[in-house]
Amino acid sequence: MKKVFGRLKQNKYLLAGVIMTGIAVLLALVSIFWTPYSTTAMSAAEKFDAPSFRHLFGTDNFGRDIFSRVMKGMGTTILISTLVVLLAGAAGILIGALTGYFGGIVDEIVMRITDAINGFPSILLALVVITLMGSGRQNLIISLAIVFTPSFVRIVRSEFIRLRDADYILRARLMGVGKLRILFVHILPNIFSTFWVSVMIGFNNAILAESGMSYLGIGVQPPDATLGMMLSDAQGYLTTAPWYALAPGLSIVWLVLGFSLLSEGIRRQA
Amino acid sequence: MIKIENLSVAFDGTEVVKKLSLTIADGEIVGVVGESGSGKSVTALTMMGLVSEEATITSGKIWYDDTLLLEAGKPRDKALYRSFQGSKMSMIFQEPMTSLNPTKRVGNQVEEMLKLHTTDLTAKQMKEKVLEAFLSVGLKDAERVYECYPHQLSGGMRQRVMIAMAIILHPGLVVADEPTTALDVSVQSQIIRLLRKINKEQKNSMLFITHDLNLAKRLCNRVVVMKDGNVVESGTVNEIFDHPKEEYTRKLIEAVPSREKKMQRFSMNVGDIQNANGQNMPLQRPDILEVKDLNVSYMDGSNSLFSSKKKKQVVTGATFTMKQGEILGLVGESGCGKTTLSKAILGMNKDVEGSIIHHSNQPQMIFQDPYSSLNPAKTIGWLLQEPLRAAGLRDKQFEMTKADREAAAFDMLHKVGLSDKYFYRKSSQLSGGQRQRISIAQALITRPGLVIADEPVSALDVTIQAQIMELMRKLQEEMKLSFLFISHDINVIYQMSDRIMVMKEGRIVEIGETQEIFDNPKEAYTKQLLAEV
Amino acid sequence: MKYILKKIATLIMTLFLVSVAAFVAFQIIPGDVVTSILGTEATEEREEQLREELGLNDPPVTRYINWVGDVVKGDLGESYRFSKNMNEMMPVKELIGDKLPVTLWLAAIAVVLIIVISIPLGVFWAKSKSKVLDAVMGVLTQTAMAIPSFFLGILVTYLFGIVFKWFTPGGYVSYQENFWGFMGYLFFPALSVAIPKIAMTARFLRNSMITEMKGDYVRTAYSKGCNDRRVMYLHVLRNAMMPVITFLGMIIAEIVAGSIVVEQVFGLPGIGRLLISSISTRDFPVVQILILYITFVVIFVYFLVDILYRVIDPRISNK
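Residue numbers (my numbering), protein chains in the order written: chain Y, 1 to 270; chain G, 1 to 533; chain V, 1 to 319.
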């Protein structure tokens with residue numbers, strides 16, 4: 001524990017990242033059980049209230065409390081991004097490890113596919129996938145996971161290629177260590193520092209993609225609150241209630257910044 | 001001509017050069033020798049005004065003739081230095097590949113010297129001067145070289161370009177920091193000869209920094225021995241090498257593998273049958289490895305759909321046998337196929353023709369680089385047990401209990417001269433020599449009959465080198481091992497091996513008893529190799 | 001030359017694969033086109049007739065070949081959704097025609113902004129020795145990278161459109177009418193796309209330069225008596241730019257995506273809106289063509305970057 005604090009003290013990036021994501025995750029967790037106001041309760045009397053102690057971030061066009069909705073929205077975004085990164089990361093490790101270590105024709109094909117997907121704008125690809133599968137939270141998660149898998153495959157694969165010919169791996173092979181054991185016991189622990197950085201970057205991109213999709217109205221459907229959807233609603237009231245757009249927008253920035261500081265911090269730690 | 005007085009240089013408060021004084025007379029070649037971390041490079045860089053800005057000069061002065069270049073406590077006068085750098089003092093670095101700008105033609109890079117320090121030359125005259133310099137350092141095809149980028153030249157040629165750059169303005173002082181370390185032995189000799197020739201022709205002083213005592217002995221007039229930032233001893237080459245005063249100097253000289261010290265040779269293998277006169281009979285032990293008509297090739301070219309793959313033959317017609325308990329030395333320059341041959345023997349190269357017959361279990365390997373030989377994610381204890389664990393996973397009959405495995409690991413740790421505490425450490429906490437000990441331990445724990453050691457001591461400082469060689473020899477006798485010992489250093493090979501095999505361009509040119517080969521080399525190439533050191 | 005031919009071959013291969021993927025993808029999705037065009041009330045004969053008209057009764061391979069053949073000839077097919085008039089269906093070509101330039105110009109301006117701003121910024125940052133400036137730049141770029149382009153678009157609209165009134169939010173002049181006016185309207189959207197990428201590129205260049213500054217050849221340059229300026233501009237910059245070029249190539253796809261999203265924010269009539277509405281109304285001929293188009297643009301830019309890279313890096317071109 002002491003060691004962790006020592007590291008945080010030295011590494012400002014890590015410290016800032018931990019604090020920012022920590023606050024966001026905490027708010028999201030709390031929002032599961034409690035929000036200051038109901039996220040759906042409308043109040044005609046309180047339409048477009050500016051930020052105050054009563055309504056921290058003000059109220060929207062239906063008189064709903066924006067802070068409460070931002071809490072819920074962050075929760076949705078974090079949940080979706082976590083699942084996306086978990087799925088894509090796991091698939092990335094599996095595919096990247098096997099193709100990177102064994103190479104050959106399968107690797108060649110997988111690489112062509114990942115290259116093509118990587119070259120294609122990710123948000124468009126997610127759009128296409130979601131059209132094919134239909135919208136909804138679950139399909140959104142699956143489509144984003146499909147879109148993000150190639151970037152993990154690439155990173156894991158290149159690490160496995162780098163390490164498969166390392167002297168200590170050649171020696172492990174000479175010792176007669178089995179293939180799966182080499183892959184997951186000998187090589188895998190050595191790629192974690194790189195992998196964690198890419199997980200954090202993945203979070204980053206997943207948050208951006210999720211909010212982008214819901215901004216375009218293709219992601220999570222109402223009445224669930226999401227940051228992107230709030231932003232797109234707020235755009236119509238920019239002149240009357242600029243804070244309405246600012247609150248969800250800055251929350252997205254907060255989340256993304258938190259995760260990118262985390263990834264930078266981890267990178268420097270390694 | 002150069003006077004360094006009482007120089008101390010510190011990084012982050014720790015002094016890496018301590019109260020060093022050094023003078024270089026006109027036309028003199030002074031060698032600075034020392035192991036890694038002795039502060040020899042920092043001294044040279046400080047003198048050249050190139051030491052990084054994190055370094056602080058805590059005491060001392062540096063003079064060039066009558067000019068005070070540097071004084072402790074005063075900031076480095078960059079403008080003054082710039083008027084000296086290149087024109088009055090120049091430097092040759094260790095890595096000619098990375099020391100040249102990869103995206104500029106080498107001709108232009110040399111020409112930059114003229115652009116910086118002369119005013120009266122036309123573009124044409126400049127180019128001519130560069131071509132002249134190229135010719136004088138032995139780059140015959142000067143016109144072509146002028147147009148080349150660094151990656152298009154060989155290591156030796158690149159270093160010649162560096163030298164041409166350093167001497168084009170006839171500076172009074174040339175500093176050479178390990179200029180031959182990254183090169184092959186034969187190229188190494190050429191560069192040394194070239195430096196001597198330049199010294200004779202241009203009469204410049206040279207400061208030659210090296211870890212290799214043999215080179216210092218061959219090139220220098222005077223030698224300074226450094227250790228931990230201090231000057232241990234200095235004197236003429238004869239004084240230092242023939243009558244060293246200090247214990248450390250003596251230790252350093254002794255550690256250098258050399259043919260002159262026959263006594264250093266280990267005894268012939270125990271268990272040899274001796275005849276009535278007490279002479280060794282030819283080895284009559286069973287073969288452990290038979291290699292016959294072996295061709296090894298690999299696929300050249302990228303893995304693309306369009307580029308056709310070319311088969312490139314690396315080893316041609318290799319035939320030899322190894323006896324049980326023998327150390328066979330394999331010597332040759334880089335790219336001669338030593339490593340490819342050893343990988344084929346280990347069964348790691350599939351593209352082979354001919355036969356390899358093993359009369360032992362799977363051979364193990366020890367690599368050159370102690371830093372990449374051990375898995376950094378695991379503890380030493382885990383690493384030492386892994387071969388046993390793997391054997392158990394492969395075949396139930398080799399399964400061991402955890403306690404037995406640990407006992408075996410501790411036992412092996414002691415055998416390579418390390419104490420129990422290392423069992424719990426990770427390789428990142430170990431020094432290069434210690435890592436190499438662990439590599440050896442890990443290779444030997446399953447008691448293989450044959451071990452291939454690919455340049456196992458080349459990356460180590462001389463004193464450590466000697467210790468590791470001794471350890472390998474000791475374990476070889478204790479555990480009745482056979483070693484295929486690969487090295488580019490003919491002296492190391494001499495000290496280690498019972499028999500020697502010489503390789504050139506993928507072929508075995510000569511094979512025989514060590515003494516025999518050294519006394520009567522038959523092939524021209526072998527003679528050349530022996531003459532060069 | 002041989003290399004360029006090889007690259008063109010891969011380019012065509014990729015396009016082929018994407019076209020197959022796009023074609024197949026829209027074959028397997030649920031929902032009948034005919035029903036969506038005619039509604040559920042239509043008679044079976046009418047449905048059958050339309051099927052025949054659209055060529056839906058042919059085997060898939062024939063249909064794919066016909067489609068690709070038409071596309072190559074310049075016939076991009078017809079939209080299921082829009083009609084030109086009572087009797088004619090809307091050709092996709094006309095639908096896309098005046099929308100494509102908007103998106104491409106938007107992306108192009110963004111790329112120019114990125115290059116023009118990020119490179120001097122990165123060099124300046126790498127050169128500065130001030131710790132304060134370094135920290136400020138670090139925080140600024142880190143934050144700029146975290147702002148999604150659509151939110152940035154909203155901020156820009158609010159600041160420059162509503163507060164400063166430098167442009168009319170939601171306004172637009174078509175490029176046929178007034179090219180410079182058109183460019184003016186694209187400037188702020190392009191800026192919204194560019195800012196996060198400018199921050200990224202400047203950071204990348206700065207790190208690349210700092211890495212290069214540690215190179216052995218830099219020490220050699222100093223040992224010749226070069227001053228800081230000379231080392232920086234004549235030796236370091238070119239080498240430091242190499243990875244930046246690759247990096248710029250890599251973010252092209254993201255810039256195109258960003259442009260498509262930002263079109264929504266500023267209400268620009270580019271292909272982004274068409275694509276999104278076509279996706280939600282299952283207007284597949286349009287979607288297929290748009291996907292092909294975007295892929296083509298992206299891989300063509302990759303191709304150009306690759307060639308450019310070979311031109312300036314002797315290590316590759318002279319091998």
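One or more hints might be untrue.
[Claimed, not checked] Listed next, with one range per pair, are the computed distances between beta-carbon atoms:
1) Pro59/V with Gly22/Y: 34 to 42 Å
2) Asn139/Y with Leu234/V: 49 to 57 Å
3) Leu5/V with Gly22/Y: 28 to 36 Å
[To be verified] Which stretches of chain G does chain V cover? Using the computed rule of at least three CB atoms under 8 Å from a CB of chain V, they are:
4) 75–88
5) 448–457
Note that these hints are calculated values from the structure, not bench results. In this text, a Cβ means the ideal position worked out from N, Cα and C, and glycines have one as well.
Against the structure, the hints come out as follows:
Between Pro59/V and Gly22/Y the CB atoms are about 58 Å apart, so this pair departs from the stated range of 34 to 42 Å. At about 55 Å, the beta-carbon gap between Asn139/Y and Leu234/V stays in the expected band of 49 to 57 Å. As the Cβ distance of Leu5/V to Gly22/Y is approximately 55 Å, the hint placing it in 28 to 36 Å is violated. Closer than 8 Å: that is the beta-carbon criterion, and the region 75–88 of chain G has 8 residues meeting it against chain V, so the requirement of 3 holds.
Figure legend: the region 448–457 of chain G, annotated as covered by chain V; annotation inconsistent (0 residues with Cβ-Cβ distances under 8 Å, at least 3 required).
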